[in-house]
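There are 2 protein chains.
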Amino acid sequence: AVRGLLLDVSGVLYDSGGDGGVPIAGSVEAVRRIKASGLKLRFCTNETQATREKFVKKLQGMGFDISVAEVTAPAPAACRMLKERGLRPHLLVHDDLVPEFAEIDKANPNCVVIGDAAENFTYANLNEAFRVLIGMEKPVLLSLGRGRYYKETDGLKLDVGAYMKALEYACDVQAEVVGKPAKKFFESALAEMGVPPHQAIMIGDDIVNDVGGAQRCGMRALQVRTGKYRPCDENHPNVKPDAYVNNLAEAVDIILHQM
Amino acid sequence: AVRGLLLDVSGVLYDSGGDGGVPIAGSVEAVRRIKASGLKLRFCTNETQATREKFVKKLQGMGFDISVAEVTAPAPAACRMLKERGLRPHLLVHDDLVPEFAEIDKANPNCVVIGDAAENFTYANLNEAFRVLIGMEKPVLLSLGRGRYYKETDGLKLDVGAYMKALEYACDVQAEVVGKPAKKFFESALAEMGVPPHQAIMIGDDIVNDVGGAQRCGMRALQVRTGKYRPCDENHPNVKPDAYVNNLAEAVDIILHQM
Numbered sequence: 642a643v644r645g646l647l648l649d650v651s652g653v654l655y656d657s658g659g660d661g662g663v664p665i666a667g668s669v670e671a672v673r674r675i676k677a678s679g680l681k682l683r684f685c686t687n688e689t690q691a692t693r694e695k696f697v698k699k700l701q702g703m704g705f706d707i708s709v710a711e712v713t714a715p716a717p718a719a720c721r722m723l724k725e726r727g728l729r730p731h732l733l734v735h736d737d738l739v740p741e742f743a744e745i746d747k748a749n750p751n752c753v754v755i756g757d758a759a760e761n762f763t764y765a766n767l768n769e770a771f772r773v774l775i776g777m778e779k780p781v782l783l784s785l786g787r788g789r790y791y792k793e794t795d796g797l798k799l800d801v802g803a804y805m806k807a808l809e810y811a812c813d814v815q816a817e818v819v820g821k822p823a824k825k826f827f828e829s830a831l832a833e834m835g836v837p838p839h840q841a842i843m844i845g846d847d848i849v850n851d852v853g854g855a856q857r858c859g860m861r862a863l864q865v866r867t868g869k870y871r872p873c874d875e876n877h878p879n880v881k882p883d884a885y886v887n888n889l890a891e892a893v894d895i896i897l898h899q900m
Numbered sequence: 642a643v644r645g646l647l648l649d650v651s652g653v654l655y656d657s658g659g660d661g662g663v664p665i666a667g668s669v670e671a672v673r674r675i676k677a678s679g680l681k682l683r684f685c686t687n688e689t690q691a692t693r694e695k696f697v698k699k700l701q702g703m704g705f706d707i708s709v710a711e712v713t714a715p716a717p718a719a720c721r722m723l724k725e726r727g728l729r730p731h732l733l734v735h736d737d738l739v740p741e742f743a744e745i746d747k748a749n750p751n752c753v754v755i756g757d758a759a760e761n762f763t764y765a766n767l768n769e770a771f772r773v774l775i776g777m778e779k780p781v782l783l784s785l786g787r788g789r790y791y792k793e794t795d796g797l798k799l800d801v802g803a804y805m806k807a808l809e810y811a812c813d814v815q816a817e818v819v820g821k822p823a824k825k826f827f828e829s830a831l832a833e834m835g836v837p838p839h840q841a842i843m844i845g846d847d848i849v850n851d852v853g854g855a856q857r858c859g860m861r862a863l864q865v866r867t868g869k870y871r872p873c874d875e876n877h878p879n880v881k882p883d884a885y886v887n888n889l890a891e892a893v894d895i896i897l898h899q900m
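Chain order of the listed sequences is A and B.
Counting in the numbering used here, the first sequence tops out at residue 900, every number present.
Counting in the numbering used here, the second sequence tops out at residue 900, every number present.
The shape of chain A in the complex, shown without the other chains (with noise of 0.2 Å):
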């Protein structure tokens, strides 16, 4: 029985691109028809381009029943991880994610974050992280995500997971990724939602970091044709989920005609 759902946000609830986004149609209306389901729901995003304050109002404008507690993100989830092994960030992030560490001690550093920077990926701001951590004895590398690249109205933009490469090479380190596919990521987002993984499915529009990632926990996964899904995905050579669907409204209506 399926008691939890779990949803991608970005290329399955909408289009993102330039200043806003565009809802992709009937995700509004699915949203809706499974919270009056009853079944259990969190938002499971990589977005480290702005607070989940900035980036639930942003949805909500668009017309979702969203609301901060809802959302699982990687910023919350670093946080907790900095606080629990006493480490001080020095921060490659987003200016827009920066907040989200209002409370971390960043004196002194010991470690790095690095989210999607963005315009914040410069030569400089680049080199600087790097010195920081081939400074250290042994580097502390965390990586909000490893998305290779996303696409914006204005094109294809690198991600997190390029830069992060860059770094590892560079100092010979292996980042700890914080956000999907990370299986202490999907757990936590399954505990805040009280269901365990085989009670619970996932539906995403990336193949690895979605699909992939939850049915490493032990969950089902959908994979939707919206986003940046591509019909190549379809030929992975290690992944495969446990249905294709058109788009979320798709997914929903199948999952509550089989309750």
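Think of the hints as simulated: they come from the structure by calculation, not from any bench.
Small disclaimer: the values here were computed from a predicted structure and weren't measured.
Errors might be hidden in some of the hints.
No copy labels: a pair is met if it fits in one copy or bridges any two.
As the list claims (entries may be wrong) - Think about it this way: if two alpha-carbon atoms lie no more than 30 Å apart in a straight line, the pair counts; the simulated DSSO-like pairs of lysine-lysine are:
hint	residue 1	residue 2
1	LYS792	LYS698
2	LYS747	LYS798
3	LYS798	LYS676
4	LYS779	LYS792
5	LYS881	LYS779
6	LYS825	LYS681
7	LYS695	LYS798
Knowing the structure of chain A, use the given hints to seat chain B on it.
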């Protein structure tokens, strides 16, 4: 018997930094002694921040007896490869290197050439190079070297290898390295000198790119304790130089004494 020497330049002849550099003590005289000895000599560098003309002028200004015809560098090697394979590059390189590609057709690019672009490693330029690559049916990425980082007077800088890794990951492609430690690059330096590998010695400060690369070609290789040399290099898991020397002057002393 030794018949020819390949010399790395930065860190062996001089220490680079900011606008110029400083000759390493004894190196100017050491180059003169090699030339007087009758040994063949070639300068084998991964320098890609300037044309060979400009680079050689800088070294002459420090007192070195060196000419453009004696320098093996990645950009001309890349130009030969581009012509042979009918490749039209999109360039992500230092402004001062662009003239090396003056005679290469760059219209409608079918590959990307990346060098140590320094300040040209902007977010916009990296996204542009990425879009050119990902738009190809089979992306071709040539990288002028694969260094991790280097030191300048104002601190450590990420080298071309880090940015190469970022593009490799984003496009799921393997770059072809032109320059040290590529076997083909050492072989062309040997051919230009007219000396077979077993009669040649490489002298460099980089344990992997100079010493390891040259040894894989069948040459002997000495590591100098100048430039980017670090004591921990002497415990390198995979590479062991044929000998360590304090600097180029000492290397030349030993080699000429044994002739």
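Each hint, compared with the structure:
1. LYS792 to LYS698: within (21 Å within a copy, 45 Å between copies)
2. LYS747 to LYS798: Both. Shortest intra-copy (28 Å) and inter-copy (23 Å) distances satisfy the 30 Å Cα cut-off.
3. LYS798 to LYS676: neither (34 Å within a copy, 51 Å between copies)
4. LYS779 to LYS792: For LYS779 and LYS792, only the inter-copy Cα distance (20 Å) is at most 30 Å; the intra-copy one is 35 Å.
5. LYS881 to LYS779: Cα proximity of LYS881 and LYS779: across copies only (24 Å, versus 37 Å in one copy).
6. LYS825 to LYS681: within (19 Å within a copy, 60 Å between copies)
7. LYS695 to LYS798: within (21 Å within a copy, 35 Å between copies)
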